[in-house]
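Q: For reference, the chains in residue letters:
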Amino acid sequence: QKEVEQNSGPLSVPEGAIASLNCTYSDRGSQSFFWYRQYSGKSPELIMFIYSNGDKEDGRFTAQLNKASQYVSLLIRDSQPSDSATYLCAVQGGDSNYQLIWGAGTKLIIKP
Amino acid sequence: GAGVSQSPSNKVTEKGKDVELRCDPISGHTALYWYRQSLGQGLEFLIYFQGNSAPDKSGLPSDRFSAERTGGSVSTLTIQRTQQEDSAVYLCASSLALGASNQPQHFGDGTRLSIL
Chain A
1 QKEVEQNSGP LSVPEGAIAS LNCTYSDRGS QSFFWYRQYS GKSPELIMFI
51 YSNGDKEDGR FTAQLNKASQ YVSLLIRDSQ PSDSATYLCA VQGGDSNYQL
101 IWGAGTKLII KP
Chain B
1001 GAGVSQSPSN KVTEKGKDVE LRCDPISGHT ALYWYRQSLG QGLEFLIYFQ
1051 GNSAPDKSGL PSDRFSAERT GGSVSTLTIQ RTQQEDSAVY LCASSLALGA
1101 SNQPQHFGDG TRLSIL
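Those protein sequences? They're chains A and B, same order as listed.
So the first sequence is residues 1 to 112, counted in my numbering.
So the second sequence is residues 1001 to 1116, counted in my numbering.
Calculated from the structure, these hints are not laboratory results.
Certain hints may be false.
[Said to hold, decoys possible] Cβ-Cβ distance ranges computed for the label pairs, FRET-style:
1. A/Ser69 - B/Pro1055: 29 to 39 Å
2. A/Ser69 - B/Gly1016: 49 to 59 Å
3. B/Thr1013 - A/Gly29: 35 to 45 Å
4. B/Asn1102 - A/Tyr71: 33 to 43 Å
5. A/Pro10 - B/Glu1085: 25 to 35 Å
6. B/Arg1064 - A/Ile18: 41 to 51 Å
7. A/Glu3 - B/Leu1039: 17 to 27 Å
8. A/Leu75 - B/Glu1020: 35 to 45 Å
9. B/Glu1014 - A/Asp55: 49 to 59 Å
10. A/Ile18 - B/Ser1062: 40 to 50 Å
11. B/Glu1014 - A/Tyr71: 38 to 48 Å
12. A/Asn53 - B/Glu1014: 44 to 54 Å
All residues carry an ideal CB built from backbone N, CA and C; glycine is no exception.
Whenever a hint applies, use it, and build me the whole structure from the sequences.
A: Below is the structure:
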């Protein structure tokens, strides 16, 4: 069974610091990796995706992918209280290329 | 519209009643997905459509659940003889194409279903 694992948290980070969110996956054939943010009572919204090994930066967000170790991470620089949310990791490709396999999410709290 | 549209946004009904949830995907998106999310839990995949076809229905929790999509656009998720454990937020997402790498799913605001 294909699995995506995330630490449920909560992860507490002081405002202005770097928040680091991690995700591991079991399907070595996975090809695309997505990070979504979900505020309480809202639906998930896409932050960014990555498909090549290495780093991909978008504003304050950096996604990091290491296919050999089967993990993907999301760094949030200069964390703001508005970044407080649950962050969902989703993996696509491999045997289940028609759907995303979702992690359960990490709850992030940015303390002012 | 610009995004995925779901209706109703909230539905409260009595146990044993049937409910129908609607999803209107982003224009041009051929792939459509239904998820369920219980309070404080992750996303539970229910079913996906490529066009009007739903090749894999194994994610549906029971035979009380069914879904259809007509005209390659709007989809309805029907729950018959609702039970209290069906209470959850039902999320619909769409993507440009099925199985294509780097095609993210875009979500609607969901339908919050409460079974009394």
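Q: None of the hints should be skipped; say for each whether it holds.
A: Now for the hints, and whether the structure bears them out:
| no. | hint | verdict |
| --- | --- | --- |
| 1 | A/Ser69 - B/Pro1055: 29 to 39 Å | holds, 33 Å |
| 2 | A/Ser69 - B/Gly1016: 49 to 59 Å | holds, 50 Å |
| 3 | B/Thr1013 - A/Gly29: 35 to 45 Å | holds, 42 Å |
| 4 | B/Asn1102 - A/Tyr71: 33 to 43 Å | violated, 19 Å |
| 5 | A/Pro10 - B/Glu1085: 25 to 35 Å | holds, 27 Å |
| 6 | B/Arg1064 - A/Ile18: 41 to 51 Å | holds, 47 Å |
| 7 | A/Glu3 - B/Leu1039: 17 to 27 Å | holds, 22 Å |
| 8 | A/Leu75 - B/Glu1020: 35 to 45 Å | holds, 42 Å |
| 9 | B/Glu1014 - A/Asp55: 49 to 59 Å | holds, 52 Å |
| 10 | A/Ile18 - B/Ser1062: 40 to 50 Å | holds, 45 Å |
| 11 | B/Glu1014 - A/Tyr71: 38 to 48 Å | holds, 46 Å |
| 12 | A/Asn53 - B/Glu1014: 44 to 54 Å | holds, 53 Å |
Hint compliance for this structure: hint 4 is the single one not met.
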